[in-house]
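Chains as they are written, first to last, in my numbering: chain B, 9 to 146; chain Y, 829 to 1098.
Derived from the structure by calculation, the hints contain no laboratory data. Glycine included, each C-beta is placed from N, C-alpha and C at the ideal position. A few of these clues could be false.
Now the in silico label distances, taken between C-beta atoms and shown as ranges [as the list claims (entries may be wrong)]:
| no. | chain 1 | residue 1 | chain 2 | residue 2 | range |
| --- | --- | --- | --- | --- | --- |
| 1 | Y | Asp838 | B | Asp32 | 43 to 51 Å |
| 2 | Y | His845 | B | Gly105 | 42 to 50 Å |
| 3 | Y | His955 | B | Asn133 | 45 to 53 Å |
| 4 | Y | Asp951 | B | Arg127 | 27 to 35 Å |
| 5 | B | Glu78 | Y | Glu981 | 44 to 52 Å |
Listed below are the simulated DMTMM-like cross-link pairs for lysine to aspartate or glutamate, each with C-alpha atoms no more than 25 Å apart in a straight line [as the list claims (entries may be wrong)]:
| no. | chain 1 | residue 1 | chain 2 | residue 2 |
| --- | --- | --- | --- | --- |
| 6 | Y | Lys1053 | Y | Glu935 |
| 7 | Y | Lys847 | B | Asp18 |
| 8 | Y | Lys1090 | Y | Glu915 |
| 9 | B | Lys136 | Y | Asp976 |
| 10 | Y | Lys961 | B | Asp10 |
| 11 | B | Lys137 | B | Asp72 |
| 12 | Y | Lys931 | B | Glu78 |
| 13 | Y | Lys870 | B | Glu78 |
| 14 | Y | Lys834 | B | Glu124 |
| 15 | Y | Lys927 | B | Asp114 |
| 16 | B | Lys134 | Y | Asp971 |
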Amino acid sequence: MDKLIWLHEDCLRATHNLFAAAPDTPAVFVWDDAYMSAMHFGLKRRVFIYETLCELPVDIYAGDTARVLESFGAAEIVTGKTPNPQLKAVMQELRGGGKVSAIADDPFVRMDSPPELRRFFKYWNKAKKHAFVYDGRP
Amino acid sequence: MHSEPKQFTDRAALIAHVKTLSPCINEGSDEELDNGAPSPIKGGRAAAEAALAAVDPVGYGHSRNYLDGAVTRLSPYIRHGIVSLNELRNLALERGDPKAVEKFIQELGWRDFWQRIYAQNPDWLWHDIEPYKTGFDASDYADTLPADIAAGETDSAAINHFIAVLKSSGYLHNHARMYLAAYIVHWRRVKWQAGAVFFLRHLLDGDAASNNLSFQWVASTFANKPYFFNLENLQKFAGMEAPCDYHNNKCFGGSYDDLALKLFPNSEAA
């Protein structure tokens, strides 16, 4: 298999940029019970996610995330960029067996340098210059 | 390896299947998380689009702090990328001029802010970013959530109402989250981390960054002072939804100065 899309909990949208980055590519969501429990996902959340998956062009497989994804033997895994360290660790593990491309969603604001994150209003004073423009462009 | 089904005869069948796929769901929890009813809020883009059609970004700016205000309830969809911040901002600009939708777009900025912190400082999520500014050390706070809070059987009728809504719907208005978080941390002197886990277990939109960093803002470990409230504030913003009479919520009675002395007796600010 050439490419595989890994859809995780942060990118459950058919118009997410990751689908455009890998057209006509099979997509997989891994239902990883141990991971979801570690992340404190209760039943309500799990039902919500499953209902969302039922409307998406994705196949659902149960098991350990990295093991399930490795079993497809894809040369490249395309997924959504995420700040979640647990998901990033899985991506790093998968890179041992092939390429992993993490595709970012459309940004809320596009900034030429990183904002100060110690207090919200330090961030906002910079972000608001572009936050009120369509697509957040400078 | 076989893929899981995506078509079910009804919602009950889907829920039953989710349960079979979730044998570990109660591990590490004192609660029976798989015995509750599912949320009435449905997953999926179709449900999100119905909510998007009803978004009133101008009305949001006027009434968002009231529990019956024009909030969108889109947070579960935003949390999982079903709706992007970019499309929501663009939608707001189509429905009002930038000044009229300023508060709505600024609240989207809070989500962006939390996510940027998560990417840059993931260690901040479960650790005190700064000391408490309450006159207490972290060691003065309990490690675990008291059973009466988990059960929604506290001495405050309003707090019990918020807990019941959280547990039954998986959603809570932001102001109710602030009230409940402040009650847990400041009135009951429980570590914010215990409250954060309780929220994450029940919220459909539970996000480690938004949830935990907001808890730290309430606790004062990511703010210059603790967030707390009094009964007058509770009655003004929540009185139309929750039982906020004095006799069933005595712990919140008094002025802010009175409550500061009671809650933070060691604090110079009190």
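query = Can you give the numbers of the hints that this structure goes against, from lowest to highest?
reply = Violated hints: 1, 2, 3, 4, 8, 9, 10, 11, 12, 13, 14, 16; rest satisfied.
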